[in-house]
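Got two chains here, separate frames each, mind docking them using the hints?
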Amino acid sequence: GNSVTQMEGPVTLSEEAFLTINCTYTATGYPSLFWYVQYPGEGLQLLLKATKADDKGSNKGFEATYRKETTSFHLEKGSVQVSDSAVYFCALSDWYFGSGTKLNVKP
Amino acid sequence: NAGVTQTPKFQVLKTGQSMTLQCAQDMNHNSMYWYRQDPGMGLRLIYYSASEGTTDKGEVPNGYNVSRLNKREFSLRLESAAPSQTSVYFCASSEHPGQGGETQYFGPGTRLLVL
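Residue numbers (the working numbering), protein chains in the order written: chain A, 1 to 107; chain B, 1 to 115.
Just chain B, with the same shape it has in the complex (with noise of 0.2 Å):
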């Protein structure tokens, strides 16, 4: 039971590449959540997909796209990357969305460096 994974573990981008982030669980779960973290602001939600063939902006959706490619994957693209976007992404699921008292699963974390 691998729990959250994702691809890659670290990677380097030029201003104006694209890149699809992955993301894949284990666990069954419903709902997957793409964050972004910074330094001194904690996790800021980017999209999120409360069910299979649903997706919703979060706070900071600007510069993203998402698909929930089945019940296991959900993937994030940067269509043109740009230095604002270096930053440390995780990928959670959970096993419901909404509902309160809700537990999320974290994976390691893609370390993203756009020059």
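Only chain A is shown next, with the shape it has when bound in the complex (with noise of 0.2 Å):
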């Protein structure tokens, strides 16, 4: 069956350092791929996604790109910031979702 799986948290990073978070997964068929950002205390919102293998998904800094031939989507971003500090959903279309991420940012 579909399943996705991201690397635990939390993530400890200093302002400005090189963020990865991994995310792998397993699906049959042709998936896409998303990534998915939760703020403490609101709902999830979307971060940026793939529809198709090598599409490079990118919003505010972040991107990731579909790998086929890995089954991964990894998340990267080369400086962040404070603001950046949230959970991070790694998901596979419809309804599979990661178990989060959860990054904090240190000035």
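Check before you lean on any hint, since a few could be wrong.
[To be verified] Chain A stretches covered by chain B per the calculated footprint, using a threshold of three residues with CB under 8 Å from any CB of chain B:
(1) 45 to 59
(2) 81 to 94
(3) 97 to 107
Everything labelled a hint here was simulated from the structure, so no lab data went into it.
All figures in this text were calculated on a predicted structure; none of them were measured in a lab.
Just so it is clear, CB atoms sit at the ideal spot from N, CA and C, and this is done for glycine as well.
The following block contains the structure:
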């Protein structure tokens, strides 16, 4: 069946550090892949997505590339800010979510 | 344009009590979903409604019922609450079901504590 595995947190970084959050998936067919972000006390909101192999999704300095050969969709950002502190969820169409990775960015 | 709204924001129940969580969306979306979020487990789908008039079970439907009242509203009912149902509940909507590439839009959540 379909499933998503993402790295456990929390991840703690200093401001301006490089971020990688790993995500791998198991799926039949050709799913779409998503990253959602959840700020404290709020619901999830879409950060970026990719709908086919080799597509790169990007938004707000974050990016992730759909790698079918390694079944991965790792989230990266070159320089994190304190305001990026949140929980990040990798997801697979249509409703398969990873367990979430909490990111703490320290000034 | 409020997006997806949920009521109540927070609720405390005693074991065996019943309650209904309300969800409404104003984006004219066809599909709506109910999830629960538990620590370390991410979001798990309880029920979904692909379109008005249809509902289907998700991964964890036991102990819950749903009603798609109209295109805008999708409610979740706990008939006899149990402590295992203590969780944060999220409603979401999307324009179409199962099309792949569909973004889901989430409400702010309902925090439920069952004593």
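Hints and how they fare:
With 4 residues having a Cβ less than 8 Å from any Cβ of chain B, the segment 45 to 59 of chain A passes the three-residue criterion, so the hint holds. Residues of the segment 81 to 94 of chain A lying with their CB closer than 8 Å to a CB of chain B number 3, which satisfies the three-residue condition for coverage. Under the rule that three or more residues need a Cβ within less than 8 Å of chain B, the assignment of the segment 97 to 107 of chain A holds, with 4 such residues.
In this structure, every one of the numbered hints holds.
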